[in-house]
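Chemist: Sequences are here, hints too, so could you generate the full structure?
As you go down the protein sequences, you meet chains S and C in turn. Position one of the first sequence corresponds to residue 38 (the numbering used here), numbered consecutively onward. Position one of the second sequence corresponds to residue -15 (the numbering used here), numbered consecutively onward.
No false leads were mixed into what you were given.
Calculated pairs, DMTMM-like style, for lysine to aspartate or glutamate (alpha carbon to alpha carbon, straight line, at most 20 Å):
#1 S:Lys115 <-> C:Glu165
#2 C:Lys79 <-> C:Glu31
#3 S:Lys115 <-> S:Glu168
#4 C:Lys79 <-> C:Asp29
#5 S:Lys115 <-> C:Glu170
#6 C:Lys79 <-> C:Glu132
These aren't lab readings, by the way, just hints derived from the structure by calculation.
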Amino acid sequence: MSLLFPTTRRSVVRALASSDAAERTRAFDTLVACYWKPLYKYARVAWKKSREDAEDLTQSFFTRAFEKESLAAYDASKASFRTFLRLLFDRHVANVRKAGHRQKRGGAEVHLDFASAEAEIGKDASHVSPEEYFHREWVRSVFALSVERMRARCEADGRQMQFALFEMYDLDESNQMSYRELGMLFGINDTAVTNHLYAMRRRFRETVLATLRESTATEQEYRAEARALLGDNIR
Amino acid sequence: MRFLSDETLAHLRDITETPDLTETRYELIRELGRGGMGVVYEVHDRELGRSVAMKVVDDPARAEAQIIAALEHPGIVPVHDAGTLPDGRFYYTMKLVRGVRLDEWVRSGHGRTEALRLFARICEPVAFAHANGVVHRDLKPENVMVGEFGAVLVMDWGVARATDAQHERMIVGTPGYMAPEQARGERADARSDVYALGAMLPFLIGSDRTRPLNAIVARAMANDPDDRYADARELANDVMRFLDGEPVSAYRENVLEIAARFLTRHRALVAMLLAYLLMRTIILLWARI
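Modeler: Listed below in structure tokens is the structure:
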């Protein structure tokens, strides 16, 4: 599964119901890339599951969702896709608990880096409601995925230096360098630093919105989620 | 994937949302609020040396600015300028309104008559829009500003549409103020705004309502648009009739109510007449003694 599935500006939520199996698979992979970490962390924090159980639940949730095509049942008039997915996951966790046994992995597994997700679980997670926590992790996932997509685009375009500048100045909170110092490091003047950072930020915004547009089904949902993503205070 | 801390996320959100005004004549001062379709900032216009409000919207559609610009009315905030930011977002600048939102104005406490007069003034720009073939579609107390000297401004025409615009499936409006046909995703017209205005009336005057006022609210908020006032002008006229002590079209009075209204409306005349009759009676009785 490629986490860097290129942004299409088309809704992959809609593509889940496509008659083309290849398109359905690609859409599913894209959604997994965006949602698996928030769901894993949600299982760990909101459902207070052990590491192993949370891994199994996340894995089995996506495996079943793919096999049964349950995500295609999403109705945009009822809730956002994000809420639909969380409620579907809640039901899955409840069903597994009811069955009284751990889910055995099987079928077409998706390969997920649970160790990295585990390392990201914050210590202050218990202070927010499960819904807020899931929302916060979803925001983190959309932004992180957008960073990786932008990195891939910049590498393809030969703009590695510009991305490195953006990464150093906007993504590394420990970096305290001024534009002038950054310019000296990269061998450019500070006006060029300003221009490159400006262009990268604009590109980043476009990438975030394109990622969001993909993971929503309707224009109305896209707008609402854009407000939720960029408008709410996530701290 | 790289882990992004809460601090980095907040920073990224800032840099992705805050408008970059470097290539414009404006300088960002602060965020003023968030409307249905965008964010409003206070910006300084360097060329004219004044502060204005700037609305930034993701949607490239210029409909809102064009609609407002076409509606020249003292109750509708005038548009000064419009353009596209370097990041592709559309913006337009408007007069910076000083005053309080209607919900804040209500909380500060006002009498029924004052509230009803204000309500009639809210209806004026909406009626003007209706007369020009435009419906607001999201009227609510938060979208009305009361200026320092009692001026009323209807804001946030972000979802306004020409009444002859094509039907669109997008449901717009705010629960509690949204007409039933809007909630069903059907096309809104002037009567949908009448419904929202009707919902604002109890908010403005609270429980201090007489039967005619209740009837005005009921007619404005009728489920069937055909049973409502045709537009904001008709609604405002009925409210003004009530304020002037005249019968309202939404309510059929009985004889007692007609008499009571007559007595209330012509209080001074009735008092003078009674005083005259009393005096005549006293004189008559005095003459017989």
